[in-house]
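J.: Chain by chain, the residues:
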Amino acid sequence: MGFRRYVLKRVLQAIPTIIAVVTIAFFMIRFIPGDPVEIMMGYTSDQQVIESLQQRYGLDQPLWRQYLEFMYGYLTFDFGTSVRTGRAVESMIMARLPHTILLATGGMIIALLIGIPAGIIAAVNRDEMTDDGVMVGALLGVSTPDFWIGLILILVFAGSLGIFPATGAGSLNDPVELLHHLVLPAITLGTFTASLIARLTRSSMIGVLEKDYVQAARARGIGERTVIYKHAFRNASVPVITVVGLYFGNAIAGTIVIEEVFARPGVGRLLLDSIFGRDYPVVQGTVVVIAVMYITVNLITDLVYTKADPKITYEDT
Amino acid sequence: MKTRNTFYDVVDKRFLLGLYRRINSVVKDVMRTRKGRFGLVTIVLVTAIAILAPVLAPYDPASQNLTARLTSPNTTYLLGTDSYGRDILSRIIYGFRISLLIGVVSVGVGVAIGTIMGTVSGYYGGWVDEIIGRLIDIMLAFPFLLLALIIVAVLGPSITNMMIAVGISAAPQFARLARGDALTASEKEFVTAADSIGRSHFSIIVEHIIPNIFTSVVVMATLYMGRAIIISAALSFLGLGVQPPTPSLGLILADGRDFIALAPWITIAPGLAIVLVVLGFNLLGDALNDALDPELQTGDKLQ
Amino acid sequence: MLSPLKRRELIKSGAVAVGSGALLAGCLGDEGGAVGEGSLTVRQTYDFVNLDPVHQENVTDRQICANIFAPLVGYEIGTTEPSSERSLADDWEFNEDGTELTLTLKEGIQFHDGYGELTTTDVEYHFDRILEGSPRAVELNQLNYETLEVEDDYTCTMVFEEPALAVEHQLGTPLGMIPPADAVDDIGENEFASNPVGAGAFEFVEHVPDERTELEAYDDYHVEGLPEADELTFRPIPEDATAASSFDAGEIAVFQVNSSDRLAALEDRDDVKITRTAGLITRFAGFNCQIEPFDDVRVRQALNYAANTQAIREELYPGMAEAPASFTAPDVDYNTDDVPTYEYNPDRAIELLEEAGYGDGFEFTWMVPRVGRFSEPAEVLQSNFLEIGVEANLEIRDSGTYTETIITGTDHDVPMFIHSLSQTPAPDIFLANAFHSENVPPDGGNYWYYDNEDVDTWLEEATTTVDEEERAELFGNIQHAVNEDPPGIWIDHEQFVFAMQDHVSGFEADPQRRMEFERSAFEE
Chain A
2 MGFRRYVLKR
12 VLQAIPTIIA
22 VVTIAFFMIR
32 FIPGDPVEIM
42 MGYTSDQQVI
52 ESLQQRYGLD
62 QPLWRQYLEF
72 MYGYLTFDFG
82 TSVRTGRAVE
92 SMIMARLPHT
102 ILLATGGMII
112 ALLIGIPAGI
122 IAAVNRDEMT
132 DDGVMVGALL
142 GVSTPDFWIG
152 LILILVFAGS
162 LGIFPATGAG
172 SLNDPVELLH
182 HLVLPAITLG
192 TFTASLIARL
202 TRSSMIGVLE
212 KDYVQAARAR
222 GIGERTVIYK
232 HAFRNASVPV
242 ITVVGLYFGN
252 AIAGTIVIEE
262 VFARPGVGRL
272 LLDSIFGRDY
282 PVVQGTVVVI
292 AVMYITVNLI
302 TDLVYTKADP
312 KITYEDT
Chain B
1466 MKTRNTFYDV
1476 VDKRFLLGLY
1486 RRINSVVKDV
1496 MRTRKGRFGL
1506 VTIVLVTAIA
1516 ILAPVLAPYD
1526 PASQNLTARL
1536 TSPNTTYLLG
1546 TDSYGRDILS
1556 RIIYGFRISL
1566 LIGVVSVGVG
1576 VAIGTIMGTV
1586 SGYYGGWVDE
1596 IIGRLIDIML
1606 AFPFLLLALI
1616 IVAVLGPSIT
1626 NMMIAVGISA
1636 APQFARLARG
1646 DALTASEKEF
1656 VTAADSIGRS
1666 HFSIIVEHII
1676 PNIFTSVVVM
1686 ATLYMGRAII
1696 ISAALSFLGL
1706 GVQPPTPSLG
1716 LILADGRDFI
1726 ALAPWITIAP
1736 GLAIVLVVLG
1746 FNLLGDALND
1756 ALDPELQTGD
1766 KLQ
Chain C
211 MLSPLKRREL
221 IKSGAVAVGS
231 GALLAGCLGD
241 EGGAVGEGSL
251 TVRQTYDFVN
261 LDPVHQENVT
271 DRQICANIFA
281 PLVGYEIGTT
291 EPSSERSLAD
301 DWEFNEDGTE
311 LTLTLKEGIQ
321 FHDGYGELTT
331 TDVEYHFDRI
341 LEGSPRAVEL
351 NQLNYETLEV
361 EDDYTCTMVF
371 EEPALAVEHQ
381 LGTPLGMIPP
391 ADAVDDIGEN
401 EFASNPVGAG
411 AFEFVEHVPD
421 ERTELEAYDD
431 YHVEGLPEAD
441 ELTFRPIPED
451 ATAASSFDAG
461 EIAVFQVNSS
471 DRLAALEDRD
481 DVKITRTAGL
491 ITRFAGFNCQ
501 IEPFDDVRVR
511 QALNYAANTQ
521 AIREELYPGM
531 AEAPASFTAP
541 DVDYNTDDVP
551 TYEYNPDRAI
561 ELLEEAGYGD
571 GFEFTWMVPR
581 VGRFSEPAEV
591 LQSNFLEIGV
601 EANLEIRDSG
611 TYTETIITGT
621 DHDVPMFIHS
631 LSQTPAPDIF
641 LANAFHSENV
651 PPDGGNYWYY
661 DNEDVDTWLE
671 EATTTVDEEE
681 RAELFGNIQH
691 AVNEDPPGIW
701 IDHEQFVFAM
711 QDHVSGFEAD
721 PQRRMEFERS
731 AFEE
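Protein chains in written order, with the numbering used here: chain A, 2 to 318; chain B, 1466 to 1768; chain C, 211 to 734.
These aren't lab readings, by the way, just hints derived from the structure by calculation. It is possible that some hints are incorrect.
As the list claims (entries may be wrong) - The calculated lysine to any residue pairs, modelled on SDA-like cross-linking and capped at a C-alpha distance of 25 Å, are:
| id | chain 1 | residue 1 | chain 2 | residue 2 |
| --- | --- | --- | --- | --- |
| 1 | A | Lys-308 | B | Leu-1605 |
| 2 | B | Lys-1500 | A | Leu-162 |
| 3 | B | Lys-1493 | A | Asp-133 |
| 4 | C | Lys-483 | A | Ile-164 |
| 5 | B | Lys-1500 | A | Val-137 |
| 6 | A | Lys-212 | A | Thr-131 |
| 7 | C | Lys-483 | A | Leu-162 |
| 8 | A | Lys-10 | B | Gly-1590 |
| 9 | C | Lys-483 | B | Phe-1724 |
| 10 | C | Lys-483 | B | Leu-1727 |
| 11 | A | Lys-10 | B | Ala-1726 |
| 12 | C | Lys-483 | B | Ala-1726 |
| 13 | A | Lys-10 | B | Asp-1602 |
| 14 | A | Lys-10 | B | Leu-1727 |
| 15 | B | Lys-1493 | A | Lys-212 |
| 16 | B | Lys-1493 | A | Ser-204 |
| 17 | B | Lys-1500 | A | Gly-208 |
| 18 | A | Lys-10 | B | Ile-1597 |
| 19 | B | Lys-1500 | A | Asp-133 |
| 20 | C | Lys-316 | C | His-432 |
| 21 | A | Lys-10 | B | Gly-1645 |
| 22 | C | Lys-483 | C | Gly-248 |
| 23 | A | Lys-10 | B | Leu-1600 |
| 24 | A | Lys-10 | B | Arg-1599 |
| 25 | C | Lys-483 | A | Thr-131 |
| 26 | B | Lys-1500 | A | Leu-141 |
| 27 | A | Lys-10 | B | Leu-1648 |
| 28 | A | Lys-212 | B | Leu-1648 |
| 29 | B | Lys-1500 | A | Ser-204 |
| 30 | A | Lys-10 | B | Val-1593 |
| 31 | A | Lys-10 | B | Asp-1755 |
| 32 | A | Lys-10 | B | Leu-1605 |
Can you make the complete structure from the sequences, with help from the hints?
T.: Right, dumping it as structure tokens:
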């Protein structure tokens, strides 16, 4: 099977998953205890108002019809109307999506920037103090709740030192301001992932450093730096790449907490606000968008990985 | 009928004896490494504190003393008091209890659902595998935190619902693991042999498949204990988890956040307590992993 | 780099907040102290939902609205005194029996964005929209509003079926905030909610969801020489701890202080100014008077005796809470101290419980919103109740669920809740809404399902009479009755406390929790 056909196959495989996600989003609010009509209608007991609102949200239709219309809406990028603001859900999400993508990407970059060098250093200095230090740090990183890290970073770097802003995301038109606002949240988000990547890089590097071709390179008198970075790391990075996609997906979900702590606009905070505000069309929209992003990122990583590693045959799925 | 009974008895005894020896050797292996020692000792210690909480705690963790609010650590209140004048040390001691409970129950739910799904899927194969496999894929299409968040939002916030939610969210990971192991095991000789002598599928699964996937599930469950505690802390922070005045470590931390500058002791000690527990489980999980299956890579298990 | 941008955009990108511009500049090491001149940033907890005065529903929305829209009858800032300077109406006068209010609009008041002059057409359109279905309709109905008679472009009369003196104090709320009729039509009802046009001191510029709402000074504001500031920005910051750090970093200039501990820390600093006022508000724990055992007045009294509200005020909120006697705040008209009160007395509480047949205590569910100012006193009361053997199981819910359950009344079986009621100087509407037996949820505010025939009668008489003495007596009776037969435990009247950077001037805490910034400026 050629790579192109493989890509097609994988993309086609993702479609039923996405349909299932949208279906879950549709039925989700129907599992909430209480009458969805009542929940969505809010404060009035005026029968006329209820009926007109029911009509507006299509809740007077039979369930299968509502479902089909919901699916059709998502297919045509019409996610319905927010109960609280009366605005189109897709536009509410699109207004915040860039900030969430930015934050998740920033978090991943920080994670890679810290995690990979830390892992390499640990592997090279295996079983020495440095290795222990890195590994203890990595363990602390996965064991500390991120909201706590965030609050402490805000307290120190924004409140006391005033080096970075405590809140907000800045304007999309101003890259400097945008980056300035991104530093603390990205570090907070990246810590967990950095720790995972450090551990993985370390174990992968240790495996590779013992391999014959690395020993051979050393024997040929190639400098240790070159051996490590050119020969060993290139091979050790393959398993790291595979999980980066998965971690990236989790980082997208991690933004929910970070956006709340740093008062940043974003899809995660929108999801939270709409859960609390009982704004179910928005909850549905954000859940679908986050899940689809997650699926897409995983798909892309999978494809990149397949392309990058010739050992994998395309039939393996 | 009679012969069958004795047959079972023999198998059960053998199985139990094997299990005992296995555990014994695993504990020895675990204790041989530094991280294993640290992890095991921490978890045993924390469990002991949790069980003995009523004896160890100097005060009732819920009793308020408004005249002693936000007292910094002193000889009366070793770790200070919170914004209601409650003793932080006592709350942490009980917090270990609640947090361990959260970890055990939610991972238990995840393991139960996940292993059943995975084993059935991997053992039967065919259309059963196809359907369950798709279901696992769909569940995996939601990030852990998001899935937990949605489930709590649907069920309503409470400690029980949170444990269910975290458990369900972890289930697909266990299902995936169990499915792979079950698939491998079901192709092995002893299973086909058991099948050919007419044993029921259920007894084959219980006697042959489960013991084979047992080790990897235990490793992953240990690692997920820490993850469950962290995720439940995040949910409590977002207001979707444990409800006051129940002192889970995550909730103590989340409750103290408004005082992080004014009374840092409210969050520092519980923060360190969470780190300790989670660290303990992660180290233990790592060590178990090394002891049980040195070939497995450690990093991605933490996922 | 920034030169091609227009002034508005320059300020937007360079100095969004008072301090972030300075911060950025400081960090990059150029032109120190480049604080956006006359730009004021205010913290709110949430982003707004709807800025259409007809549809706005919460404090956040109202606080922003008050700066964009001018009210028919406004208040002097920081007081409850009507001020004709700050009103769209030059003059407002009741007829003798209080059933007609004639409003004379100021001439030449211009709406933002070139929507022309304010006339009675806009007023008429506004009231029509309200009656078509908005949360405000309840207020008009309670006033027995009938119609608006338009005389000419500047004179109109609000006609009521019964005397409605209280309306004067409602016209300073969104009920009296008039948008231009054309703008609502042009922009559309939905869009208007996030693109409001008014005649207030500030014009709406931009809303970046969950990040900021930007307003700028309106040059043609009808009060000469105002507003002082060029820019006004509202920033939604959900976490109090984050907001405090943000204030320390100079990103926000004004924020409401919710914790006495934080207040104490801020009061010690000389670079911070504090403004405070007694709020027209009552915080209370409420019983559902139809649910056993709270249908027994002795049980409700017992829990009142068991509640150590003094400890809540003095230990939890020192300097931020006033002791309540009557349900109405002290500055509400006809407030009286001549009411029965409940000193903390657990022994008396136990006696009453025994009389009522609950000597062994009982257990119940108490729904509490996940908001500190409610969950904190609830946790204290919970431990108070435990002392007399009564076990309250707190169900701390997000405010969405809470509102839905208690306020919209989807679940009538919740035995206890906790809430605060914002009040107006005239007690007519909020008292009738809270205590008249017909005003149960979802349409009314009688969340405790309180049913007292005498109170019903007194309310009907008091709200429809113009005789001052009679009103005073009737409102006094009502306050006495609801304390004697208490449907709740009055915890306190909150103080509204705001902290501001010391270069901010002209902002004052307001008894009705308004945030009006037209006189606010910088002294640098």
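J.: Now, for every hint given, state plainly whether the structure supports it.
T.: Here is what the structure says about each hint:
Distance hint between Lys-308 of chain A and Leu-1605 of chain B is fulfilled; the C-alpha atoms sit about 23 Å from each other, no more than 25 Å. Pair hint Lys-1500 of chain B plus Leu-162 of chain A does not hold up; C-alpha atoms about 37 Å apart against a cutoff of 25 Å. As the CA atoms of Lys-1493 of chain B and Asp-133 of chain A are separated by approximately 22 Å, the hinted pair is consistent with the 25 Å bound. With a CA separation close to 24 Å, the supplied pair Lys-483 of chain C and Ile-164 of chain A stays within the 25 Å bound.
At roughly 10 Å between alpha-carbon atoms, Lys-1500 of chain B and Val-137 of chain A fall within 25 Å of each other, so this suggested pair holds. Note on Lys-212 of chain A and Thr-131 of chain A: the hinted pairing holds, with a Cα-Cα distance of about 23 Å set against a maximum of 25 Å. At roughly 21 Å between alpha-carbon atoms, Lys-483 of chain C and Leu-162 of chain A fall within 25 Å of each other, so this suggested pair holds. Between Lys-10 of chain A and Gly-1590 of chain B the alpha-carbon distance is near 22 Å, which keeps this suggested pair within the 25 Å criterion.
Between the alpha carbons of Lys-483 of chain C and Phe-1724 of chain B the distance comes to roughly 21 Å, so the proposed pair stays at or under 25 Å and holds. The suggested pairing of Lys-483 of chain C with Leu-1727 of chain B holds, with an alpha-carbon distance near 19 Å, which does not exceed 25 Å. Restraint check for Lys-10 of chain A and Ala-1726 of chain B: not satisfied, since their Cα atoms lie roughly 54 Å apart, outside the 25 Å limit. A C-alpha spacing of about 19 Å is found between Lys-483 of chain C and Ala-1726 of chain B, which places the hinted pair at or below 25 Å, so the restraint holds.
A C-alpha spacing of about 16 Å is found between Lys-10 of chain A and Asp-1602 of chain B, which places the hinted pair at or below 25 Å, so the restraint holds. Distance restraint check for Lys-10 of chain A and Leu-1727 of chain B: the Cα-Cα separation of roughly 57 Å exceeds the 25 Å cut-off, and the hinted pair is therefore not satisfied. With a C-alpha separation of about 30 Å, the suggested pair Lys-1493 of chain B and Lys-212 of chain A falls outside the 25 Å cut-off, and the hint is violated. Note on Lys-1493 of chain B and Ser-204 of chain A: the hinted pairing holds, with a Cα-Cα distance of about 23 Å set against a maximum of 25 Å.
Taken as a hint, the Lys-1500 of chain B and Gly-208 of chain A pair is honoured in the structure, with Cα atoms around 20 Å apart against an allowance of 25 Å. About 20 Å separates the Cα atoms of Lys-10 of chain A and Ile-1597 of chain B, which keeps this hinted pair within 25 Å; it holds. Between Lys-1500 of chain B and Asp-133 of chain A, the direct Cα distance comes to roughly 10 Å. Compliance with the 25 Å bound is thereby established for this hinted pair. Only pairs whose Cα atoms come within 25 Å are accepted, and Lys-316 of chain C paired with His-432 of chain C is accepted, the gap being roughly 9 Å.
At most 25 Å may separate the alpha-carbon atoms for a hinted pair to count; Lys-10 of chain A and Gly-1645 of chain B meet this at roughly 22 Å. For the given pair, Lys-483 of chain C sits about 17 Å from Gly-248 of chain C by alpha-carbon distance, which is consistent with the 25 Å threshold. For a cut-off of 25 Å, the pair hint linking Lys-10 of chain A to Leu-1600 of chain B stands: about 19 Å separates their Cα positions. The straight-line distance between the Cα atoms of Lys-10 of chain A and Arg-1599 of chain B is roughly 15 Å, inside the 25 Å bound, and the hint therefore holds.
For the proposed pair Lys-483 of chain C and Thr-131 of chain A, the alpha carbon gap of about 50 Å is over 25 Å, so the pair is violated. Under the criterion of a C-alpha separation no larger than 25 Å, the hint pairing Lys-1500 of chain B with Leu-141 of chain A is consistent with the structure, at around 13 Å. Under the criterion of a C-alpha separation no larger than 25 Å, the hint pairing Lys-10 of chain A with Leu-1648 of chain B is consistent with the structure, at around 24 Å. Proximity of Lys-212 of chain A to Leu-1648 of chain B is assessed by CA-CA distance (about 31 Å); at most 25 Å being required, the pair is judged violated.
Taken as a hint, the Lys-1500 of chain B and Ser-204 of chain A pair is honoured in the structure, with Cα atoms around 16 Å apart against an allowance of 25 Å. For a cut-off of 25 Å, the pair hint linking Lys-10 of chain A to Val-1593 of chain B stands: about 22 Å separates their Cα positions. Of the supplied pair hints, the one linking Lys-10 of chain A and Asp-1755 of chain B is violated, its CA atoms being roughly 37 Å apart against a limit of 25 Å. As the CA atoms of Lys-10 of chain A and Leu-1605 of chain B are separated by approximately 19 Å, the hinted pair is consistent with the 25 Å bound.
Hints 2, 11, 14, 15, 25, 28, 31 from the earlier list are contradicted by this structure; the remaining hints agree with it.
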